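Converting from the sequence shown to the numbering used here requires adding 91 to each position, the first position being numbered 1.
To be clear, the hints were calculated from the coordinates, so they are not data collected in a lab.
All figures in this text were calculated on a predicted structure; none of them were measured in a lab.
Backbone N, C-alpha and C fix where the C-beta goes; we use that ideal spot for every residue, glycine too.
Some hints here could point you the wrong way.
Unchecked claim - Here are the in silico distance ranges between beta carbons for each label pair:
(1) A102 / L368: 38 to 48 Å
(2) A291 / S195: 19 to 29 Å
(3) A291 / L368: 47 to 57 Å
(4) L193 / L316: 31 to 41 Å
(5) F499 / S178: 48 to 58 Å
(6) K106 / D303: 13 to 23 Å
(7) M92 / D392: 14 to 24 Å
(8) L534 / F474: 27 to 37 Å
(9) R136 / E279: 34 to 44 Å
(10) P139 / D511: 29 to 39 Å
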Amino acid sequence: MGGLYATGKSADELKQIVDHADWPQLLSGDISYQDLAFRRNEDARDVPNSIKIGLKNGPRLPPGLSTGEHISLLIDRETLNYSTVPSFDDLPIPFRCVSTELISGKAYVFDRGSLSEAMRATMSIPGVFDPVREGDKVFVDGGLVDNLPTDVVRNMGADVVIAIHLQISKASAKDIQSAFEVLGRSVELVIAETELRGMAGADLIVTAKLEDFSSKDYAKAKELLQKGYDAAAEKARILEAYSLDDAAWAAYLDWKRSRKRTNIGVPQFVKVEGVNLESARDIEKFLRSLIGKPINSNEIDAHLTRLAGLGRWDSVTYGMIHENGRDGLLIQIREKSYAPPLLQPSFVIDGSEPEDVTFTLGGRITFMDVWGERSELRTDFQFGDTYGLQAQLYKPFYTQSHWFFEPFAGGSQTTFNIYDKNNPRADYRIDRVLGGANVGYTL
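Whenever a hint applies, use it, and build me the whole structure from the sequences.
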């Protein structure tokens, strides 16, 4: 909210963003089924669970429950005019945001660079959102070290610092059961401690009483907004001392408007960063329909969501860039730090015969780019009631092609029971060996 306000948006515009946001989608980071690539659709159908284990540097889980892809696109869209701002002091309202840099363990104050990336870094709640990586630095939510950064504002030259304190929510023993609830409560307590230090540096503290709300209550935006208005109203008499007269206020609004950027250039090229040269060329070719026409955020979001739906990268974000006298669209891609290869575990319990419940454990391992861009080697394995192994190579005719060919080979062994009414009479082991090739066209 602070970053969006600093771009010159009014309180009403911020409220509209909050009211119209699809919070479940924004927070989950999941790509909808219709936007997933053909192969990811197959994965979602064949292995219907969300557990994924990266094998890139040894087995490890993803760094967060959500990649933050959708909320990153929202931030990109709302800050697009300021993609090339040289310093956050040049925004309509000078701005800073604080993140925790995990390698050094210290607070990191963003005052320049990508505004959208800074905003994304400062909200990366550990374990919930993937951290933001920049070279050898790893950024998560700044609340761990400085959640109420009155010191940062003071260093910007503020004469008066007004701090907004969000009262920590209540908790009871029955509310802290799972590993995620333990982690969440631990983070809340650390943040509360850093806020006490921040309040000591404020001239005035406005406390919003949110004890009855949790960090998952985004759907209660209307009630939360009212709590903010109520908190300010309680301190109205003290706040009046800092108000401007009508002439000074009008002059301030004129100054702020003069710093707003209202025109976005028409992109004449697409530049892709974060992937190898071959991938960058293919993505630029995929996005060439965006060149030479006014920015259409919905169209850009749709294209980038389709790219994210390939399942190869953590995030695909965008901004504007100005090079050699031309405006362009800058696409920034962050590769997964833990994959590929990727393991999707699976299991099957068959209780159709109550006297003979069977269990099969298995999984799917996917290797990418094994035979050129977008090719995949998929290996499925099973053991338990069924033993099996199957390998399948997916290869597009060329990188952007919808046509593909897919040789495969494998075998399995399973038990087949013969019953006389409810009495088992015999069981057979059925062996299957299969091989072949598919040729297809992805829709």
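Going through the hints against the structure:
{"no.": "1", "hint": "A102 / L368: 38 to 48 Å", "in the structure": "holds, 46 Å"}
{"no.": "2", "hint": "A291 / S195: 19 to 29 Å", "in the structure": "holds, 24 Å"}
{"no.": "3", "hint": "A291 / L368: 47 to 57 Å", "in the structure": "holds, 52 Å"}
{"no.": "4", "hint": "L193 / L316: 31 to 41 Å", "in the structure": "holds, 33 Å"}
{"no.": "5", "hint": "F499 / S178: 48 to 58 Å", "in the structure": "holds, 55 Å"}
{"no.": "6", "hint": "K106 / D303: 13 to 23 Å", "in the structure": "holds, 21 Å"}
{"no.": "7", "hint": "M92 / D392: 14 to 24 Å", "in the structure": "holds, 21 Å"}
{"no.": "8", "hint": "L534 / F474: 27 to 37 Å", "in the structure": "holds, 34 Å"}
{"no.": "9", "hint": "R136 / E279: 34 to 44 Å", "in the structure": "holds, 38 Å"}
{"no.": "10", "hint": "P139 / D511: 29 to 39 Å", "in the structure": "holds, 35 Å"}
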